[in-house]
Amino acid sequence: MEIFSNMLIYFVIIPILTLGGLALTKNKGIDAIRAVAVTGATALVALALYLVYVFLKARASGVTDVMLFQQSVMWYAPLNIKLALGVDGVSVVMILLSAFIVFAGVFASWKMDPLPKQFFLWFFLLSTGVFGFFISIDLFTMFMFYEVALIPMYLLIGVWGSGNKNYSAMKLTLMLMGGSAFLMLGIIGIYFHSSATPGVHTMNILEIAQYNAIPHNWQMFLFPMTFVGFGVLGAMFPFHTWSPDGHASAPTAVSMLHAGVLMKLGGYGCFRIAIYLMPFAAQQLGWIFLTLTGISIVYGAFSACVQTDLKYINAYSSVSHCGMVLFAILMFNTTAMTGAVLQMLSHGLMTALFFALIGMIYGRTHTRDIREMGGLMHIMPYLGVGYVIAGFASLGLPGLSGFVAEMTIFVGSFEHQDMFHRVLTIAATTSIVITAVYILRVVGKLLYGAVQDEHHRTLTDADGTERIATATLIICVAIIGCFPNFFINIIRDSFTPVVEALTSVM
Amino acid sequence: MESLGNVIMYVIIALTIIVFSVLAVTTKKILRSATYLLFVLLATAAIYFQMDYEFLGATQIAVYAGGIVVLFVFAIMLTHKPGEDAAPLTSHKRILGLVACGSGVVLCGVALFGYAKFCGQSLTEMGDFTIDKLGEMLLSTDKFGYLLPFEAVSVLLLACIIGGVVIARKR
Amino acid sequence: MFGCGLYGFITRKNMIAMLISLELMLNSVDINFVVFNRYLFPAQYEGMFFSLFAIAIAAAETAVAIAIIINVYRLAKNVDINQITKMKF
Amino acid sequence: MPLSSTIYVLAIPFFMFLFLGLVGVKMPRKITGVLGVLGMAVTTVWAYAIAFTYFFGDGPQKVNDVYQQLVTTDWTWLSFYADKLVVKLGVLLDPISAMMLVVICTVSFMVHLYSLGYMSDHDGNPEKGFQRYYADLALFTFSMLGLVVSTNIFQMFIFFEMVGVSSYLLIGFYYGLQPANHASKKAFIVTRLADLFFLIGIMILSFYTKTFDFKEMMGANGGTICNAFTSAQGLTFMGCSVTGWALTFIFIGGAGKSAMYPLHIWLPDAMEGPTPVSALIHAATMVVAGVFLVARMFPLYVLEQGAMDIICVVGAFTAFYAAAVACTQSDIKRALAFSTISQIAFMMTSLAVSSAQGKLIGGHEAGLGYMASMFHLFTHAMFKALLFLCAGAIIHAVHSNENSKMHGLHKYMPITSIAFLIGCLAIAGIPPFAGFFSKDEILVACYEKGIGWGLWMSMVAGMTAFYMFRIYYLIFFWKKHEVHGEHAPKDQPWTMTLPLIILAAISVVAGFVPFGDLVTWNGKPLETHMNWSVAGASVGIALIGIGLATVMYRKENPLPDKLATMFKGLWTASYKRFYMDELYQFITHKIIFQGISKPIAWFDRIIIDGFFNLLGNVTNSASFGIRKMQSGSVQGYVSYYIIGAVLLAAITGAVILCI
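For the record, the sequence lines run as chains G, U, B and F.
Positions in the first sequence are counted from 1; adding 746 to them yields our numbering.
Positions in the second sequence are counted from 1; adding 679 to them yields our numbering.
Positions in the third sequence are counted from 1; adding 33 to them yields our numbering.
Positions in the fourth sequence are counted from 1; adding 114 to them yields our numbering.
No lab work stands behind these hints, which were simulated from the structure alone.
Errors might be hidden in some of the hints.
Unchecked claim - Distance windows between CB atoms, simulated:
| # | chain 1 | residue 1 | chain 2 | residue 2 | range |
| --- | --- | --- | --- | --- | --- |
| 1 | G | Val1169 | F | Glu516 | 30 to 38 Å |
| 2 | F | Cys772 | G | Thr943 | 52 to 60 Å |
| 3 | G | Asn912 | F | Tyr754 | 29 to 37 Å |
| 4 | G | Ile897 | F | Cys772 | 44 to 52 Å |
To be verified - Facing chain B, from chain F, some residues (calculated, C-beta under 10 Å):
| # | residue |
| --- | --- |
| 5 | Ile529 |
| 6 | Ser531 |
| 7 | Ile532 |
| 8 | Gly750 |
| 9 | Ser753 |
| 10 | Ile756 |
Every residue gets a Cβ at the ideal spot worked out from N, C-alpha and C, and that includes glycine.
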């Protein structure tokens, strides 16, 4: 099998092997389960790092293809559906992000109870979907992996969640499924208009972009479909309400993976499919979505100000931050788009860190209501400091990832020649103040001040595995914050074809 | 134009069918219903005779009037105590039924009036149609042969017999 | 006649009555076949054969149906469809 | 010492931060403290060497007696575009940054040393969180140094944020206490708000000039303003030039850090932090970041008279406002905080008035205000740090911030008393103390802008003298000290005394530094001469202020109370800081939280979520409705079937008829 000579496929094979390994373990053999999960996650991280290395080497040696490591295998000839693989800079960093979050997620769910085996099974199925999505360049396979990533979410929340979990799981799944219905419509539409030659259809993104044959009136119809489809996953206003409930009910690792990676699928898809393939409609209709995402940014931030549940606060802040991703993507210039990818990275790690910490705190105090907690810094300094760092990353402290991402977005967006876009950018920048307000509010109430509940005094600080989970993420956040140019160099070239396509239809 | 006798005959048969079928579905006593059914079936056979399809009419009488109605009567005898009335109908059901049957009638009427041009037509002479010919046709395999359906029905009947025995068998 | 059969089928609760209505409908259809065959294509016999087979099948069907009804009656002491709900779900 | 080694001045504190923050936690407290002090000592020596080399050494920094701007380190940190619009982290040396290196390192070292004593209890055992304290101090020092050596405006923004955060951490050092908690939050958010404007300003500016770099933007020594900027001056937005807007926004950013009215509200509250922190951050260094920012971009501001006027008005008003409030505060740290605000406003005004001599740009007199401002920054840092450290010593001794708990301490703490007196004399502008010289230059510059400005600032200078001596007398004299508890207040251990003495010495002599030769806006030496009429007048006013204070507060007497009751409204308003905090409270709580956030949250829950729930419910009930049809009743099915068939037939018929 030729396909196995391509390293990308292993991003799917490793999780599947892990699934197999987990299936062999016994239900009660918690050690074996953990061992298999950690091995799988570590292998993914190693492979992702290796991919970055190989990718950089290839680029350095002057390979300028849009996608590297391309390979395609025919799946279903009558419809010309292929398993087409390929990565560019954006996918590479997204894969890296996912690998790290899966790694941290495994450690964060170390003490998962009940049914640890089944939990990890679904967890790795979810990651299979995520990785598959990022490595494919065929619309059909992308969509397929997208759905693979979506469905386990329902069970993970519904079974292992907390609170109003049935409602949340249902809502999340249904809203995302609604989104993917739009998406499917869009994809089918793209497929049938993919080429100007009658009877020739393709699902391969690169080929579609090369033909650039989707008629303009169809673009005007298909673009909103696709964009909304992915926008739902990207928590775009007003399709964001699944996010607070879903996150609030989901178990820690799932929140991490969901906010950290799955929501990025939205932004990635918007850019890779909606904008890349339909530049004309993107130029025409961009402003509508730009306004919506602009609203998300400010709206999410303001909503977060008055929440009292830690996870809700974070979920709304995710709405705000993910809004920024879509916002930047819609600015249609390289800098802003680079910023969007940085923001995806940054938000992924940071939110994962937040959710990990919230999960750990919740696991100890059994409440997520900030009014019932206080002064936790006295009791669990490690978690407290971690939370403060996550908060700083979120509100954009230089040296941590949030700052780099936000600044790249703002500066890039402000480069736009149109006054409307610049004014909108300024409106969006106000979010940095509001973010500071709600982050400091939480930090002040949760960690500082006097200890509210005397029972909390007996609680312990983080243990070994929890430290591994959080430290991994903190280090990643700091690395991005300190050496952004490394990432920017990986990412930036990937936008050249998109921006060219966009400018050609101006 | 047809002969007046035929017309009168037809009207009588048609009226019989209509009246008795209405009675069959509206009567409260199930046994009467079966009896009315018998009249309807006989009248149908009469129509067949009028159409010159003697064999069909005969079959109708033999199978329906002779077989099925007897089966009904036996079934009724087995499942009902004498003198028991059917329960009164619920009104929404009646309305539903009326609507359905009304619309059915309207539909059929519309369809039939599409062929209104045949109304005044008299019966043309049919070629000589004998029992031997019928038998030949039933068992032949040429264009107007019905061997396949005949065999199919035979198998079906066999299956029915077995099925009926199995179902009704005492356990 | 068809309408009557329909009406009966929908409104009656007794299974045997429903079967009777069914027979009515069948018959009406048979008549149709035969009549149109006779008037429109007097030289051919499709309609007639069709009716013939229909009668045969109707007989078979009635036999089986009645067998079922009797069986049901044996189990439930009733032939009223509204009250035979044991097989639901 | 080669100038290229300036980077180590930054590297050492940063390393100390990481080391103390990560490793130090596991070490004994005392050792971490000593390590921190030693690290800072090395940094200070290094910085002195750098500054000395820069000002007096031979090399590329001085060409024909003109100080050049030197970029000694440049590292591309973040590139927005492949080649243009690049954020670099680097080190830019020029007179003001060299001067600031000295200021920061001196004060920071003093504070490091002082804290060894201050952050311990009376038996000399360090407090809980000692390591964290020193790590944060190191972080702050690093950030502040990074700020002053910024090569580009974006680096400056980065370090603006960094100092903001370290200030947040240090104000909230006693995070268990609610006031500290609130104060740190407030400080961060207010400065963050200002930084938002700063960011917008940067974006506008860089949009037009296509660069962040100071040297590219303004040319060497402000000689050649880049073309893009001058052409952008022609563009207008809402009646003002876009560059005017940009510079005003950038000024707001600086005003937030420098606590200009109305963004000053965080500074008095920031006094909840440990006193050495107040001395370092909220008196000497961080709060002058705004002044430094304007000074750094001075060549651009000179071209935008509108922006300059705004700065001038804001500065002059803030100076007066803060002085007025300082006259009535009972908490000594708050009084000092308002005094700081007032003094910084002096510097701002001084910067702003120097453009009034636009006719002489490039000429000799153009930068008098600029020079005066920097001079005052330098001297003020010294004597204000001194005052704060004295206040810290007093607080450490009596365990209270309220001057009602003090009184008559002169007897118990003579060294502190004398040091404080020196600080007061310096700030009041009595020759030969440092403040006299710098303040005199400022007043001269103001008089040159216009007689009105000069009179106004002179009046504020008089008020300064009055309120400083009011504090002094209330602490050390007024009446006999009532001893509370078992310990009588006494002078402090040497670690605290030594910094006081050193800073007092500097405050005495700093005025004689020939600033005009060293620090000017274009690097050329500026000849200064005493303007004796102005000097005499200002000394006179200061003496009047001191005299008034002496009359009112030297000995316990009913006069102040009488005056307070006479002008009750005014006094209360001043005591309540003219209700600015209440106004902010109203805006944030009533408008932002209640008026915006709550409705948005409600809207989210009810309208948007409600809509999606409604969709779900409708689908659900529709399914339930349809489910009823699937009843298992054959009769029902038949009727539906018939109806459907009829409808179908009807439709088909209709269609056929239509065609």
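Going through the hints against the structure:
Judged by the Cβ atoms, the range 30 to 38 Å given for valine 1169 of chain G and glutamate 516 of chain F is violated: they are separated by roughly 49 Å. Between cysteine 772 of chain F and threonine 943 of chain G the C-beta distance comes to about 38 Å, which lies outside the given range of 52 to 60 Å. Distance hint for asparagine 912 of chain G and tyrosine 754 of chain F: a CB-CB separation of about 34 Å, consistent with the stated range 29 to 37 Å. Evaluation of the 44 to 52 Å hint for isoleucine 897 of chain G and cysteine 772 of chain F yields a pass: the beta carbon distance comes to about 47 Å.
Hint on isoleucine 529 of chain F is violated. Least Cβ distance to chain B is approximately 95 Å, over the 10 Å limit. Because the closest C-beta pair between serine 531 of chain F and chain B is about 96 Å apart, greater than 10 Å, the hint is violated. Taking 10 Å as the C-beta cut-off, the interface hint given for isoleucine 532 of chain F is violated, the closest approach to chain B being about 98 Å. Among the interface hints, the one on glycine 750 of chain F holds; its C-beta lies about 8 Å from the nearest C-beta in chain B, closer than the 10 Å criterion.
Annotation: serine 753 of chain F was flagged as interfacial toward chain B, and the flag holds, the nearest CB pair being 5 Å apart, inside 10 Å. Satisfaction of the interface hint for isoleucine 756 of chain F is found here, the shortest Cβ-Cβ separation to chain B being roughly 7 Å, below the 10 Å cut-off.
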